[in-house]
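Chemist: Listed below are the residues making up each chain.
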Amino acid sequence: MRFLFCFWILVGLIHAPLSASQSVARGRNEGTLSIPASNVVGNGNITAHTHVRAGYGANGPTLSPSVGGMIGIGGVLQAAGNFELFSLQSTGLGLLESHLQATIPGNDNFRFLGAALRADLYLSTALDTISATSDAEKPDYNPYLYPSIIVDFDFLAKWKQVPLKAYLFASMADNPQLLHQYRQVSLISGLEWKMFQHSVFADMGIGFYKEKATRLNRIGDKTFQQYYAWVQPGGRYRLFRRFSLTGGFRFVIRKKLKEQSSLHPALAEFSVRLEAPVYFRETNTEAIRSLVFIEQSKEKSDVARSESMPRLYREVNAGFAEIRDSTETFDYSKEKQDLIQQRKEIRNKMEEIELLFEGLDEEVESE
Amino acid sequence: MNRIRIQIALGLMALLAGAPTLWGQNSSPGSRRARNEGFYRCENSNTTGKGSIWASVRATGFLWDDPSEGQISAVPFLDAEVNAGLLRFMSASLKSRLVSYFFDQRPQFGDLELGIKATVPNNKDLRYNGFALSLKYARSFKNQFKSIGGLRNDKGFGFSPEGFEFGGNSLFGRLMFERDYIAQNSRIPLKLMINFGTRLSLDPDFFAYPQYSFDIGLGYVGNMADFFAAYSLSGFYNNSLRPKQVSFELPSGAKPVWEIAFPENPMYVVFGGRVRYGTGITLSGYVPLLLSSNVGSSRTKQGLHEFYNMKSNPDPAYRYYEEVMRGVTEPFDPWYARWKIIVELKIPVRYRQTASEMRRSFLLLKMRGDDRKIDIDERLKKIHERARERTKEETGTQPEQEVEEERLRRLEEIRRKREEIQKQ
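These protein sequence lines are chains W and L, in that order. Note that my numbering has the first sequence beginning at 3, numbered continuously upward. Note that my numbering has the second sequence beginning at 21, numbered continuously upward.
Calculated directly from the structure, the hints in this document are not laboratory data. Here the structure is a predicted model, which means the values were calculated and not measured. Note that beta-carbon positions come from the ideal geometry of N, C-alpha and C, so glycine has one too. One or more of the hints may lead you astray.
With a straight-line cut-off of 35 Å between C-alpha atoms, the simulated DSBU-like cross-links for lysine-lysine are [as the list claims (entries may be wrong)]:
1) 264(L) to 115(L)
2) 331(L) to 264(L)
3) 321(L) to 346(W)
4) 264(L) to 175(L)
5) 331(L) to 321(L)
6) 156(L) to 264(L)
7) 346(W) to 175(L)
8) 258(W) to 214(W)
9) 144(L) to 175(L)
10) 175(L) to 224(W)
11) 331(L) to 70(L)
12) 331(L) to 162(L)
13) 162(W) to 346(W)
14) 437(L) to 70(L)
15) 351(W) to 144(L)
16) 224(W) to 212(W)
17) 437(L) to 214(W)
18) 212(W) to 331(L)
19) 156(L) to 175(L)
20) 70(L) to 156(L)
21) 386(L) to 144(L)
22) 175(L) to 386(L)
23) 162(W) to 224(W)
24) 212(W) to 162(W)
25) 175(L) to 70(L)
26) 346(W) to 386(L)
27) 260(W) to 321(L)
28) 162(L) to 351(W)
29) 214(W) to 331(L)
30) 162(L) to 275(L)
31) 214(W) to 162(W)
32) 351(W) to 70(L)
33) 437(L) to 386(L)
34) 351(W) to 437(L)
35) 386(L) to 321(L)
Here are a few chain L residues that sit away from chain W, every Cβ distance over 10 Å (derived from the structure) [said to hold, decoys possible]:
36) 309
37) 336
38) 367
Let the hints inform the model, and build the full structure from the sequences given.
Modeler: As C-alpha cells, this is what we get:
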C-alpha cells in the first residue's frame, strides 16, 4: 500500500512542471465528495486520486483507503476507476469499480444546466456465498453493471455574483459491496459554493435497500424496507494551486432498519480525498470560470485588502489579482476572431490535402 | 502473500496507466496508428504495417477462490507481445505470458507463442471488407495452476478459471473478417470484427479435444479514442447436440468423466476502450464479464452431495439421473472468473506510416469540428474520378518517371501540410 501511495504521489510530482504555466489546475468534473460534476474531464487529461474513509457503525470501526484515476476521452466521455486497497469489514480486499460517464453536448461551454449518464461497473470483491449458484464451497465474486444520472446547475453561468453549484445524483448502488445481497437505490443532492480555488459543500443522501432472494432467504423483500439518510458537509482546499484536498464528515440523521438481518451502515464517517492532475490541459469551461472570478475580483479588490475579511477569502482574492496581472493583455473577442481565422486556414489546407490525395494509392513511408 | 500479489497487479496496472504521460505529449494524438488494432481477443484482419514494430505489455487481474485450495486468490498475469510487419500483407508476432499462476507462492512462467498472419493483399488503402488468416504455435511451460475442482493433470491440461488450458505444444489457427465502415462512409467510424479459430493440442492424449473459438466485436474507432463491446466464446468441438464428454487422467490416477454443455463453455462479454497518445502509444483497458451458465449438476456443496448420492443410488425420480446414466462421474460447473480487468500498453518501437491509417486519420480529423456540411465522400469520389481522367490524359503524354516524380511531390506536400496543421 505504501508503494502505491508513494507511486501516485511521485507521478503527481513528476508531472507537476507539465502544467506549471496554469494558474489553477481545476478539473472540469470537480464536484463534491459524493457527487461528481456532470462535466467530464478535458480530452486526454488524466487525474490520479487517493481516498481514505474511516467511520464507525454497528459493526464497529470501518476503514477503506483507495486509489484510482480518471481520463477524459473525446471531450464528452470520461473513464474512471477506483480500487479499494482493503476493507476492515469484508474479506480484506476492497471493491474495484469503473465508471464511464457521457455528458450532454455543451460540455466545453460554461453551461447552467448540465447532465450526464454514467455506466457504473462494480467488480465486487465481497465473497458471495449466498446467491443461488454459490455457497461456501464455491464462492463467487460478481460483477454488477448499473446506470446512474447526474444533473447539475451552475448558477455562476447565469449570475456572476453567485458561485453556487447544485447537484442531483441517482444511482442503483449505495453500498456496492452489498449488491449481492440487496437491490439498492441511492439519491443524493448537494450544494457547493465554488470559489476560485477552494469550495465548501454540503451533500444530503438517502439509500434504499431491498433484500434479494438468496439461498438463505428464499423469498426476499417485496419492497425497499430499509433506508438510511445522511448529510455530509465538507470542503475542497487546493494545495499549491494544483493538488486538490477534499474532506467531509458524513453522519446518519434518520434510518429505518429491519429487526432481523438488518443493515449495518456506518453511522459516522470521515473522508479525505487527494486528487493530483497527472496530465492537465485547461478546459474552456474552467478558463471562463476563472475569467468570471477575475472580473469580479476587479470590483472586490478593495474589499479584499480589508483586514476584517476572513483569511481564506483574502487568499482567494490574492489569487485573482495574480492572475489578473498575468492576463492583462487578454482580449476575449480578439482571441475568438483569431480562432475563427485559424479554423478557416485549417479548413483551406485540408481541402488542399483532399486535392493532393488524388491518385495516391501507395503506402507512405515516412519517419 | 495475497496482498503482495494485489500490489504487484495494481502496481503493474498503475505503471502501464501512467506510462503514456511520460512520452509523446507534444505530437498530435492519432497521427501514428497501428494498422492491426483489435478489440481485446477479437483480432483485426489487417497486419502490422511493413517495417513497423510494435511492442505491448498487458497486465491482467481477477479474483477466484477455491476454499479447498486455500484462501482468497488474487490472480495477476503479465503478458508481453511484439508484432512486426514483414510484408505489406504479412506480419509476425511473438507473445509470452511472463507471469502466470502462482505456485508454491512463486509466479510461474506461462507460455511462448509464435505466430504469422497474412491478409488479402488489398490493404493499401482503407477497405470495407477485410479477410486474414493467422497461424500460431504455442508452447506452455506451466504445469500447475488453479483448477476448477482439481480438474487438471500434471502436463498442464485442465480447467482453469480462464477456461481450458492446453499444456505442452499446440497450434492455433484463426480466420478473421473485418468490416471497416469508414471506408464507405466517413461519417461512420465503426468497425465490426468477426474471428473464428481452432486450437489443436499436439499431445496425442488430447487430439480428441480440439477447441474452437468465436469472437465478434463492434466498436467506434476515433482519432484519439476507441470504444468497443465484444463477445468471446471458446469451447470443445462437439458433433452432437448433447453436452461434450471430457475425460483424462488426473494426478491421483483417477479418470473421471465430465460433461460440458454449450452454455458452460467460457463466454464473456467484453467492454473496452483505448486512448491514443502523440507518439503512437496506446493505453487500453478491457473488462470481460462472464456470461456462462450452469447446466445440470453443479460444484456447490449441495450440488456435489446430490450428484454423489445419485451416483451411488440411481433413481429416475430425482435430478442428475440422466447425467449419471450417460456415464458422467464428476459434476462440472462453469466456475470461471466472473470478471477480469486488463490494462494494456502498446508502444511503436519502429514506426512506418501506412496509407490506410493516414487516410483514416485524415477522415477523422476532417469530420471533427463544427462544419459538418461538407460531404467528404461525395467530394472524394469526384476527386478520384477527376484524378483518374487526368491520369489517363497525363500518362498518355508524360513519361513514367515524370508521373512518379509528380506522385512523390504530392506526397511530400501532404506531409508538409499535415505537419503545419498539427503545429497549429
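Chemist: What's the verdict on residue 264(L) and residue 115(L), does the C-alpha distance respect the 35 Å limit or exceed it?
Modeler: Since the Cα atoms of residue 264(L) and residue 115(L) sit roughly 31 Å apart, the hinted pair holds (cutoff 35 Å).
Chemist: Can you confirm whether the C-alpha distance between residue 175(L) and residue 224(W) stays at or below 35 Å?
Modeler: violated, 52 Å
Chemist: Check the hint pairing residue 331(L) with residue 70(L) against an upper bound of 35 Å on the C-alpha distance.
Modeler: At roughly 60 Å apart (the allowed maximum being 35 Å), residue 70(L) and residue 331(L) break the hint.
Chemist: Is it true that the CA of residue 162(L) sits at most 35 Å from the CA of residue 275(L)?
Modeler: Since the Cα atoms of residue 162(L) and residue 275(L) sit roughly 21 Å apart, the hinted pair holds (cutoff 35 Å).
Chemist: Below or equal to 35 Å on CA atoms is what counts here, so check residue 346(W) against residue 175(L).
Modeler: Status violated; Cα separation ~66 Å.
Chemist: Verify the proposed pairing of residue 437(L) with residue 214(W), using a straight-line Cα cut of 35 Å.
Modeler: The hint is violated at about 62 Å.
Chemist: Is the Cα-Cα distance between residue 331(L) and residue 264(L) 35 Å or less?
Modeler: This hinted pair holds, its Cα atoms lying about 19 Å apart.
Chemist: Can the restraint linking residue 351(W) and residue 437(L) be considered satisfied, given a maximum Cα separation of 35 Å?
Modeler: At roughly 7 Å apart (the allowed maximum being 35 Å), residue 437(L) and residue 351(W) satisfy the hint.
Chemist: Compare the distance between the alpha carbons of residue 321(L) and residue 346(W) with 35 Å, and conclude whether the hinted pair is satisfied.
Modeler: Not satisfied, since the Cα-Cα distance of roughly 71 Å exceeds 35 Å.
Chemist: Within 35 Å, alpha carbon to alpha carbon, are residue 156(L) and residue 264(L)?
Modeler: Within the cut-off at roughly 26 Å; holds.
Chemist: Within a Cα-Cα threshold of 35 Å, do residue 175(L) and residue 386(L) meet the stated pairing?
Modeler: violated, 55 Å
Chemist: Do the alpha carbons of residue 386(L) and residue 144(L) lie within 35 Å of each other, as the hint requires?
Modeler: Between residue 386(L) and residue 144(L) the Cα gap is close to 21 Å, so the pair holds against 35 Å.
In this structure, the hints that do not hold are numbers 3, 7, 9, 10, 11, 17, 18, 22, 23, 24, 25, 28, 31, 35 and 36, in rising order.
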